[in-house]
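Q: For the protein sequence lines, the chains are A and B, in the order given.
FYI, the numbering for the first sequence is 1 to 654, going by my numbering.
FYI, the numbering for the second sequence is 1 to 129, going by my numbering.
Derived from the structure by calculation, the hints contain no laboratory data.
These numbers come from a predicted model, not from an experiment.
It is possible that part of the hints are untrue.
As the list claims (entries may be wrong) - Capping the alpha-carbon separation at 20 Å, the derived lysine-lysine pairs in PhoX-like fashion look like this: (1) K528(A) to K547(A); (2) K116(A) to K201(A); (3) K56(B) to K618(A); (4) K563(A) to K574(A); (5) K530(A) to K558(A); (6) K93(B) to K379(A); (7) K330(A) to K201(A); (8) K528(A) to K575(A); (9) K120(B) to K413(A); (10) K82(B) to K379(A); (11) K575(A) to K558(A); (12) K201(A) to K111(A).
To be verified - Pulled a few chain A residues facing chain B out of the computed Cβ check, cut under 7 Å: (13) D241; (14) V363; (15) K379; (16) E380; (17) P381; (18) T383; (19) V392; (20) K521; (21) A522.
What the hints assert, rightly or not - With beta-carbon atoms standing in for the labels, derived distance ranges: (22) S37(A) to F117(B): 51 to 59 Å; (23) E79(A) to F96(B): 47 to 55 Å; (24) Q80(B) to S391(A): 16 to 24 Å; (25) F327(A) to N26(B): 52 to 60 Å; (26) D25(B) to N564(A): 18 to 26 Å.
The beta-carbon is built from N, C-alpha and C at its ideal position, and this holds for glycine as well.
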Amino acid sequence: MALLGTLCITISFILSLYSILGSLISINLKTEGLKISARWSSYLTFPVISIGIFLLVYSFVTHDFSIKYVYNHSNLLMEPIYTWVAIYAGNEGSLLYISTVISLGSLLSIKSLQKKIPESVPHITIIMMGILSFFLGVMLFLADPFSLLEFQVQDGRGINPLLKHPGMFTHPPLLMAGLATISIPFAITTGMLISGNYTDKGTEFIRVTTLIIWLMLGIGLLLGSWWAYTILGWGGYWAWDPIENVGLMPWLVLTALIHSLIVQRRRGMFRLWNLVLINIAFVLSQFGMFINRGGPVVSVHSFAASTLGYIFLTFMILSIIFPLIIFLWKYSELLNSRKIDSFLSKESSFLINNFLLLAITFVTLWGLVFPLFSELFGKEPVTVGTPYYNSVNGPLLLILILLMSIGPILPWKEGSTKSFIRSIKFPFATSVFCMIICLVFLSNNFLAVLAFSSVSLVFATILQEWIIGTRNRIKHFKENIIIAFIKLLNGNRTKHGGYIVHLSILMLAMGIIGTNFYQIKADHVLLKNKLFNFQNYQIELTSIETKNFADRIERVAKFNIYKNQSSEQTNNSKKITELEGSNALYPSFNMASVRAGIHSTIIEDLYIVPSEFLGDDKLLIRISINPFISWLWFAGPIFFLGAIFTLWPRTEKH
Amino acid sequence: MSHLKITSLSFMMFFTIFCNNQLNDNESRAQYLFDNLMCPVCDGQTISESQSQLSKNMRDIVRIKLDEGLTNEEILQYFQSKYGTSILSNPPKSGFYFTVWLVPIIVLPIIFLGLLFLIKTFTNTQKDY
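Make a model of the complete structure from these sequences and hints.
A: Written out as structure tokens, the structure is:
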């Protein structure tokens, strides 16, 4: 089985090399037959590598511990369903997964581009296959998932306990797929540029692929946060950890790209700028791979850590130099003479949006590399933690939210101050009203009040657009309100899908503002059957149990939660729920997995982590109240919905 | 509901929110300090997050120092002198380490002004309609 697996990787490696060579020769000699065969061999890499991944799955299911990767990431006790997770749980397997995704992506994109821009396809094929052959080569020569174990064993080491969470079924594969497939738009633009056919014909395809990648990354990041919130037991969902940051940065750049691609599509502007953005996103995705696989910075979650850091660093440097050369070589073809008509226009607001998103990316990157930078200067390495990111990125995010309210109401080309004031009137009034309400009830933090009122400003802008649009339709077409609204949204999916995504971003913002400014945290020693008052809640420890499993010792604490019914001085508290928190120790991994007990409502979460078991009836808990945090998780489906709405193919009526 | 009830209720709400920040003052200071100290034996976790024995001990030390009446800065300095600057999750705002704050503060406004200038130069002054 192991031999067959390695064979699959070898064959697809040879296929990708052949495809590169064939395309190169066919471009120079203009041989049609070779061009077709090179293209088809690039398609073939996908089925071959899929057989490889199937063989790995088969080895996991049949517990073939003679394969080192299977030995390291599973054991006899593992439920078969976790095979899916085990595939990408380590360095070698995740490389195989990434290769499969890239070959599938290149198959789909090359196939559909063949109809649109056939003259650039050989060039695109070369770049796609070049990237794929890098990953296949690394596997083949340095990290073969099918390499054999040197000794005989009866059982494997088992899967990393932290990965046993529903979020882990989707978070890593989405994030990895997102990072890997950024190579597709990169290959398309660079290929078009080399072939000398940099046209707008590919723009729509690039936009769609970028949106899909952006969606995968976004959902992947959110699921990762959810996982961290429920299993790491910090009460936190985002720690500005290097591994988290390298996933966030490409997403931010892609967000900028999505906006400026709209300008390219509508007005034929920003072509050069978009190319730069795609290249930055690609380099950042390679940077992410490098940091993930043995980079020089420490992180909480380096699951795929390996000694391959320098190989990936080299590839990343190449991915900076290569596009730069192409860029300088073809620079003159990219220029166009279109100019911005007015400062008060969508075009310039998109530019400022791009600036802000890149600024956040830059701040994040700077914080990430600063420890290395300080070492470079012979200083003691220093940690750059949450306070830095929050205090620098926080204001930038706030301005970005403000821009979210102004951008959509600005017209293309040129806006007049008069109409701008007319359309901002209602949202502005709403946000002032919201500010007053907040000042009355939450007067302790002006920044938080400002943030909440900015959110309301954006919300009111979107609402206003929808109300006016629907009203106009009712007036002109005599439709009923629901049909009018649906038809309004359907009329311009890009725009209204964007608004839906904006709504989800507002929900994210609510969660972030709530937890950042109003989280309350405390440690407390609980005694059994004794009530502990915390804010409006009363917590009672009912039992502590120790359960022995084959792979872990689990200690479970159970709580009764009561809530004070009214704020008056009466003692009528009502039991609202029972919570359970656990701390599982995995001796073979020397690892603890903590699960918090969470009581979640729209307003706030009560979050209890059993942090130290001090005896049969004594327990140290970390307790916190996290306001609005559930809004983060509700934002996910809405974000997904908005992106899908934008992506949904238009049925041609004409 | 009478006006009196509404007023008293809103007052109560106001005060509960206001009081929240006054409650357990030492506790919230402890939590703040936990978030500002890194666990020396973990990868990228603060002692607030870490489950390691050393972090537990450090949390105890923080509480003892708080009870002794030390200020936040004094406690952070104590740990810094013992474990070095990398124990702080927040780079010190002095000396060389200030560059981490300085670079965004200087670079971003310059780029933004450059962008405004760019928009200005690229703005069409001759209307073609």
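Q: So, for every hint listed, does it hold in this structure?
A: How the hints compare with the structure:
At most 20 Å may separate the alpha-carbon atoms for a hinted pair to count; K528(A) and K547(A) meet this at roughly 19 Å. Distance hint between K116(A) and K201(A) is fulfilled; the C-alpha atoms sit about 7 Å from each other, no more than 20 Å. With a C-alpha separation of about 16 Å, the suggested pair K56(B) and K618(A) falls inside the 20 Å cut-off, and the hint holds. Distance restraint check for K563(A) and K574(A): the Cα-Cα separation of roughly 5 Å lies within the 20 Å cut-off, and the hinted pair is therefore satisfied.
At roughly 13 Å between alpha-carbon atoms, K530(A) and K558(A) fall within 20 Å of each other, so this suggested pair holds. Among the hinted pairs, K93(B) with K379(A) is consistent with the structure: their alpha-carbon atoms are about 15 Å apart, no more than 20 Å. For the hint pairing K330(A) with K201(A), the CA-to-CA distance comes to about 18 Å; that is within 20 Å, so the pair holds. For the proposed pair K528(A) and K575(A), the alpha carbon gap of about 17 Å is at most 20 Å, so the pair holds.
Note on K120(B) and K413(A): the hinted pairing holds, with a Cα-Cα distance of about 14 Å set against a maximum of 20 Å. Distance check on the hinted pair: K82(B) and K379(A) sit about 17 Å apart at the alpha-carbon level, within 20 Å; holds. For the hint linking K575(A) to K558(A), the alpha-carbon distance of about 14 Å falls within 20 Å, and the restraint holds. Restraint check for K201(A) and K111(A): the C-alpha separation of about 15 Å stays at or below 20 Å, so the hint holds.
Interface hint status for D241(A): upheld, as the beta-carbon distance to the closest one in chain B is roughly 5 Å, under 7 Å. Taking 7 Å as the C-beta cut-off, the interface hint given for V363(A) holds, the closest approach to chain B being about 5 Å. Nearest Cβ of chain B to the Cβ of K379(A): about 5 Å, under the 7 Å cut. The hint holds. A least Cβ separation of about 5 Å between E380(A) and chain B falls short of the 7 Å threshold, and the interface hint therefore holds.
Given the 7 Å rule on beta carbons, the hint for P381(A) holds: about 5 Å separates it from the nearest Cβ of chain B. Satisfaction of the interface hint for T383(A) is found here, the shortest Cβ-Cβ separation to chain B being roughly 5 Å, below the 7 Å cut-off. Hint status for V392(A): holds, given a least beta-carbon distance of 5 Å to chain B, under 7 Å. Hint status for K521(A) relative to chain B: holds, with the closest Cβ pair at about 4 Å, below 7 Å.
Evaluation of the A522(A) hint against chain B yields a held restraint, the C-beta minimum of about 5 Å falling below 7 Å. At about 52 Å, the CB distance of S37(A) to F117(B) agrees with the hint of 51 to 59 Å. In this structure, E79(A) and F96(B) meet the distance hint of 47 to 55 Å, their C-beta atoms being roughly 52 Å apart. Here the CB-CB span from Q80(B) to S391(A) is close to 20 Å, well matched to the stated 16 to 24 Å.
At about 58 Å, the beta-carbon gap between F327(A) and N26(B) stays in the expected band of 52 to 60 Å. The hinted window of 18 to 26 Å between D25(B) and N564(A) holds, with their beta carbons roughly 22 Å apart.
Checked against the numbered hints above, the structure breaks none of them.
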